[in-house]
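Asks: As a plain string of letters, each chain reads:
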Amino acid sequence: MLDKAFSGGKNYWGLVVFWFAIILAGMWAYAIQLSEGLIVTGLSRDVPWGFYISQFTFLVGVAASAVMVVLPYYLHHYKAFGRMVILGEFLAVSAVLMCMLFIFVDMGQPMRVLNVVLHPTLNSVMFWDMTVLFGYLILNLVIGWMTFDAERKGGEPPKWIKPLIYLSIPWAVSIHTVTAFLYSGLEARSFWMTAILAPRFLASAFASGPSLLIILALILRKFTTFDVGSEAIQKLAVIVTYAIAINVFFVAVELFTGLYSNIPHHLQHFEYLFLGLHGKGALVPWIWTSQTLIALALVLMLFPGIRKNEVLLAIICPAIIIGIWIEKGMGLIVTGFIPSPLESITEYAPTGIELTIALGVYAIGFLVLTVLYRIVVNVREGLNPS
Amino acid sequence: MDDSRRSFLKKAGLSALGIGAGFPLLRASVRALQDESEQAAPLSKQWAMVIDIHKCLQPEVIKTCIEACHREHNVPDIEDPRKDIEWIRTESFEKVFADQTHPHTQESIKQLPVMILCNHCASPSCVRVCPTKATWKREQDGIVMMDMHRCIGCRYCIAACPYGARSFNWQDPRPFIQEIRPEYPTRTKGVVEKCTFCFERIAKGMVPACVEACQKLPQGAGALTFGDLADANSEVVKILREKYTIRRRPGLGTAPNVFYVI
Amino acid sequence: MYDSGKIIGGLVLFTVAAAFPVWYTHASGKAGYQPNPVLPEGKTKCVESKEYMLSEHMNLLDEWRDLVVREGQTTYVSTAYGDEYEMSFTKTCLDCHEKKEEFCDKCHTYADVTPYCWDCHVEKTATGRMQHVRVGRQSKPDMLSNAEPSRRGAARLEDKDKAMTARIDSEPSAVIGR
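Chains as they are written, first to last, in our numbering: chain X, 1 to 386; chain Z, 1001 to 1262; chain C, 2001 to 2178.
Derived from the structure by calculation, the hints contain no laboratory data. Only a predicted model underlies this, so the values are computations on that prediction, with no experimental measurement involved. Virtual Cβ for every residue (Gly too), placed ideally from N, Cα, C. Just to be clear, a hint being listed does not mean it is correct.
Anything over 10 Å on all C-beta distances counts as not near chain Z; from chain C, calculated [unchecked claim]:
| no. | residue |
| --- | --- |
| 1 | L2011 |
| 2 | P2035 |
| 3 | L2039 |
| 4 | N2059 |
| 5 | G2072 |
| 6 | T2090 |
| 7 | H2097 |
| 8 | H2121 |
| 9 | V2122 |
Label-pair distances were calculated between CB atoms; the ranges are [stated by the list, open to error]:
| no. | chain 1 | residue 1 | chain 2 | residue 2 | range |
| --- | --- | --- | --- | --- | --- |
| 10 | C | D2112 | X | G9 | 43 to 51 Å |
| 11 | X | V17 | Z | E1183 | 52 to 60 Å |
| 12 | X | A150 | C | I2008 | 50 to 58 Å |
| 13 | X | M111 | C | R2070 | 32 to 40 Å |
| 14 | X | K153 | C | L2054 | 54 to 62 Å |
Below, computed lysine-lysine pairings styled on BS3-like, alpha-carbon distance capped at 30 Å [said to hold, decoys possible]:
| no. | chain 1 | residue 1 | chain 2 | residue 2 |
| --- | --- | --- | --- | --- |
| 15 | Z | K1110 | Z | K1095 |
| 16 | X | K4 | C | K2006 |
| 17 | C | K2043 | Z | K1204 |
| 18 | C | K2106 | Z | K1243 |
| 19 | X | K153 | X | K308 |
| 20 | C | K2099 | C | K2045 |
| 21 | X | K308 | X | K235 |
| 22 | X | K4 | X | K153 |
| 23 | Z | K1216 | Z | K1063 |
| 24 | Z | K1045 | Z | K1204 |
| 25 | X | K153 | X | K10 |
| 26 | Z | K1216 | C | K2091 |
| 27 | Z | K1045 | C | K2099 |
| 28 | C | K2106 | C | K2091 |
| 29 | X | K222 | X | K235 |
| 30 | Z | K1133 | Z | K1110 |
| 31 | C | K2045 | C | K2106 |
| 32 | X | K308 | X | K79 |
| 33 | Z | K1137 | C | K2045 |
| 34 | Z | K1204 | C | K2006 |
| 35 | C | K2006 | C | K2050 |
| 36 | Z | K1063 | C | K2106 |
| 37 | C | K2099 | Z | K1133 |
| 38 | Z | K1095 | Z | K1204 |
| 39 | Z | K1110 | X | K280 |
| 40 | X | K235 | X | K159 |
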C-alpha cells in the first residue's frame, strides 16, 4: 500500500518538498540546541517548560479527538463517517508522532530517553503518559492500516481488529486524561491543581481536533477527488459545537472557583494571564485573542444556518483551533509557572531557535499526514475511478 | 438483539472492565500514598537541618556558607539569574514564607534574607514525578538524592518542587566554574541538580560543607545545625524541642526536613 | 520474489565485503594497527586482572557508579586479589591513570567510542585553574548588555579570591555532633 504514496500531482510533490524544507530548517536548529544545550531556548529556572510542552499538550488533544469519529462509526454504526474515520485515525497517528517528538526535543539529555523504559517508574505520571501515547500510536497505525487495506482489497478486515478498535476508544480518553494528570497532580502549581483539568482537556480536544479534521476534509475535497460527504462534515460541526460549549463552561467553572474563593495562590495566576501581574503580562493579548475567538466561534456555531455554511465553517474552525491552541498551550503551561513558588515573576517567550525546532516537528507531522492522506486518496480513486 | 441494545451491552461491559481494573489500582495507589506520608513508620535515620534565621543574617555568614557549598560541589557561577544554578541561596523572608507575612508586616522583616536549600522532604514531590528514578529518597538516611548519570533532563521535578530548590544545566557549566575541584565531578548540560546534604561528606562522618563553614566563623556558631531527626539526643532534635521552629509551606504535606528558628 | 537469486547473491557478496577487516585480520594473523595505551609507571596491577579490565572495565564502572550513587556503598573488594579499593572513578581510577589522552583515549579513539565520563568527571592533570573558554553562543545579548562586563567579572574574581584566603583549612573536619 505504501507504493501509493509515490504517485501524485505537482501539488502533492510541492507540498512534500515544502515540508522537507521546513524539516531541514528544524533539524539545523535542533543541531544547535543539541550542541549548546537548552540555553538556546527562552526557558529558565522559574519557567522550565514552555513552547515545546505547550505544543505537546495541544497535540495530545488532536490525537485523542480521533475517538470522535471512531466512536460513532464503530459503536453506533454511523455510516456517514465511513470515509471520515480513516482520516481521523491517520490524523491521530501524525499527532501522536508530533507529541513524542515535542517531548524528545524538550529533553536535556535526549540520548538517555530509553532510561524511561529501562527504569520504569510506576509512580511517575510521565512514565504512564509515554506508555499510553506509544500504545495509542501503535493502535491507530494498526487499526487504520488494516481496515483500510481490507477495504482496498474489497474484503473484511481481520476479526482481531474489532477488539482493538473498541480498546482504542477508552485509550483515546486515557491519553488526554493522563496528560492532564501530568499537571494536575502537582501541589507546587496551584494553577494546574484542579480536578477539572482532565475533563477540560477532553472538551477542548474534541473541539479543536474535529475542527482540524473538518478543515482537512474540506482541503481534500477542494484539491482531490476525495469527498467525505457533507453529512459527515455537518455531524463533526455539531460535535465541535457541543465540545466548544462544554469547554467554555469548564473554563468558566474554573474561573469561578479561582476568583470567588479569592485564594491568592489561585488568583495570581489568573491575574497574570488575563490582566498581568506587577506590570508583566506577556500572555495578556494572547489570552484575550484566544477567548474572543472561542466566544465568537461558539456563538456563531450555535446557529445551524451558519454552521451549515461550509465557507463560514472554513473560517470558524481555524478560529477555534487557534483559540484552543493558545488557551491550553502557552496559556496553560506557562501561566502555571508564573508567579513561581517563590513569588517571583519571570516571563517567558520562545526564541527563534525554539520556534524553528517546533516548526520542524510540525512539518514532520504534516509530512506524515500528507503521505498517509495521499495513500488514502489514491486508493479511493483506484476504487471509484471518476 | 437489536443494535442499540447490543452496543449498550458492549459499553456496559467495557465500563465494568474499567471499574474492575480501577478499584485495585485505586487501592494500591492510596496505600502507596499512605506509605509516603509522615504517619508511616519513620526512617531509622533522617538527616535534617535547623537554620537559625537570626544567626544567618550577617552577609559574611551567608556568603561563607554559599561559597563553601558551591566551591565544594563545583557549582557554576552564572550571571543571568534565569539560567543560574544554586544549591543554597537566600531569598527574602516575604518570598520564602509568603504565608507568614501580611501587608502590615514590618518592611525590615519582609526583607530579611533567609537561606534556602533542598528540604529533603519526607514526602518529596520531585521523587514522585521522576520518570527514571534519577531522583529518589535514600532509605538509609532520608536524603533526596540525584543520579546525574540517569537524569534525562525532562525537568518534571523542577515543575513539581514547591520550593524552587532545583536547578537545570541549560548549558555546559564548566566554563562558569571559577576553580574546578577535581575531587568532585562537575555536571554536564541537560541534567538537573540540587543540594544533596553533602552525602559524600556524611559518608566520611563529616557535616555538610555549609554547616562546617559557618561553624568556623565566630559569628556563625549555631547558624546551621545538622543531625539525625530519628535520634532523640541529636542536636537538631534538641533545638526543635526547645525553640519555636517552622517549615516552608507546611500545608502541602511534603514534610520538609529543613527547619527554621524564627 | 523477483530476481531472488541476484538479491541473495548480492547480499552475500555485500556481507563478505563489509566484513573484510574481520576475516582478513583473522586470516593473516596480524592486525594492521593496535592501540597502545600507556600504563601508569610503578604500578603492577589494577583492581582486577588485566584481561578482565580490558574487556569489562565499562561494566565495572557502571556497577561502581550504581553502587556508590544509588546504594551508598564505597568499598570494592577485588575478586582477583582480595584487596579493597574506594569505588571512585576520580579518586581511584584516575589516581593511577592520570593521563586520559595516553590511556583512555588510545583505545576509545581507535574503537570510535565516546564515553561521557569526562563530561562531568575531571581529569587529574587538569588540576588547578581550568581554562575559561567561553564556548558557543553563551554571549547572549542580555548578558552582554550589562555595563562594563569586564570590571564586573574582575570584581567577582576578587570576591572569590578573598573568599579563598578566608577559607579555613578544614581537614579533618568536625564530626557530626550530638
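Asks: Decide, hint by hint, whether the structure agrees.
Replies: How the hints compare with the structure:
Every C-beta of chain Z lies more than 10 Å from that of L2011(C), the closest at about 38 Å, which supports listing it as non-interface. In this structure P2035(C) is separated from chain Z by more than 10 Å, as the shortest Cβ-Cβ distance comes to about 26 Å. Even its closest Cβ contact with chain Z, about 21 Å, leaves L2039(C) beyond 10 Å, as expected for a residue assigned away from the interface. Once the 10 Å rule is applied to beta carbons, N2059(C) is consistent with being away from chain Z; the minimum gap is 14 Å.
With 10 Å as the threshold on Cβ separation, the claim that G2072(C) sits away from chain Z is violated: the shortest Cβ distance comes to roughly 6 Å. The non-interface label for T2090(C) is inconsistent with chain Z: the shortest C-beta to C-beta separation is roughly 6 Å, within 10 Å. For H2097(C), the condition that its CB be more than 10 Å from all CB atoms of chain Z holds, with the nearest at approximately 14 Å. Taking the minimum C-beta to C-beta distance to chain Z, about 5 Å, the non-interface status of H2121(C) is violated against the 10 Å cut.
Distance check on V2122(C): its Cβ comes as close as 4 Å (rounded) to a Cβ of chain Z, failing to clear the 10 Å threshold; non-interface status is violated. In this structure the supplied range 43 to 51 Å holds for D2112(C) paired with G9(X), their Cβ-Cβ distance being about 45 Å. Taking 52 to 60 Å as the suggested C-beta distance range, the pair V17(X) and E1183(Z) conforms, at roughly 55 Å. Range check, A150(X) to I2008(C): Cβ separation about 32 Å, and the 50 to 58 Å hint is violated.
Our hint of 32 to 40 Å for M111(X) and R2070(C) is violated, since their Cβ atoms are close to 20 Å apart. In this structure the supplied range 54 to 62 Å holds for K153(X) paired with L2054(C), their Cβ-Cβ distance being about 57 Å. Proximity of K1110(Z) to K1095(Z) is assessed by CA-CA distance (about 8 Å); at most 30 Å being required, the pair is judged to hold. Simply put, K4(X) and K2006(C) have alpha-carbon atoms about 26 Å apart, close enough for the 30 Å limit, and the pair holds.
At roughly 27 Å between alpha-carbon atoms, K2043(C) and K1204(Z) fall within 30 Å of each other, so this suggested pair holds. As the CA atoms of K2106(C) and K1243(Z) are separated by approximately 61 Å, the hinted pair breaks the 30 Å bound. As the CA atoms of K153(X) and K308(X) are separated by approximately 35 Å, the hinted pair breaks the 30 Å bound. Only pairs whose Cα atoms come within 30 Å are accepted, and K2099(C) paired with K2045(C) is accepted, the gap being roughly 17 Å.
For the hint pairing K308(X) with K235(X), the CA-to-CA distance comes to about 10 Å; that is within 30 Å, so the pair holds. For the suggested pair K4(X) and K153(X), the alpha carbons sit about 14 Å apart, so the restraint of at most 30 Å is met. In summary, the hint linking K1216(Z) to K1063(Z) is supported, as the alpha carbons are separated by about 13 Å, within the 30 Å threshold. The suggested pairing of K1045(Z) with K1204(Z) holds, with an alpha-carbon distance near 16 Å, which does not exceed 30 Å.
Restraint check for K153(X) and K10(X): satisfied, since their Cα atoms lie roughly 28 Å apart, inside the 30 Å limit. Distance check on the hinted pair: K1216(Z) and K2091(C) sit about 27 Å apart at the alpha-carbon level, within 30 Å; holds. Taken as a hint, the K1045(Z) and K2099(C) pair is broken in the structure, with Cα atoms around 41 Å apart against an allowance of 30 Å. Our distance criterion of 30 Å between C-alpha atoms is met by K2106(C) and K2091(C), whose separation comes to about 21 Å.
A threshold of 30 Å between alpha carbons decides the hint, and for K222(X) with K235(X) the separation of about 19 Å falls inside it, so the pair holds. For the proposed pair K1133(Z) and K1110(Z), the alpha carbon gap of about 38 Å is over 30 Å, so the pair is violated. Distance hint between K2045(C) and K2106(C) is fulfilled; the C-alpha atoms sit about 19 Å from each other, no more than 30 Å. Taken as a hint, the K308(X) and K79(X) pair is honoured in the structure, with Cα atoms around 19 Å apart against an allowance of 30 Å.
Distance restraint check for K1137(Z) and K2045(C): the Cα-Cα separation of roughly 37 Å exceeds the 30 Å cut-off, and the hinted pair is therefore not satisfied. Of the pairs offered as hints, the one joining K1204(Z) and K2006(C) is violated, with about 68 Å between alpha carbons and a cut-off of 30 Å exceeded. Pair hint K2006(C) plus K2050(C) does not hold up; C-alpha atoms about 47 Å apart against a cutoff of 30 Å. Taken as a hint, the K1063(Z) and K2106(C) pair is broken in the structure, with Cα atoms around 44 Å apart against an allowance of 30 Å.
At most 30 Å may separate the alpha-carbon atoms for a hinted pair to count; K2099(C) and K1133(Z) exceed this at roughly 34 Å. Taking the CA atoms of K1095(Z) and K1204(Z), the gap is near 35 Å; set against the 30 Å cutoff, the hint is violated. Between K1110(Z) and K280(X) the alpha-carbon distance is near 22 Å, which keeps this suggested pair within the 30 Å criterion. The suggested pairing of K235(X) with K159(X) holds, with an alpha-carbon distance near 28 Å, which does not exceed 30 Å.
In this structure, the earlier hints numbered 5, 6, 8, 9, 12, 13, 18, 19, 27, 30, 33, 34, 35, 36, 37 and 38 are contradicted, and the remaining ones agree with it.
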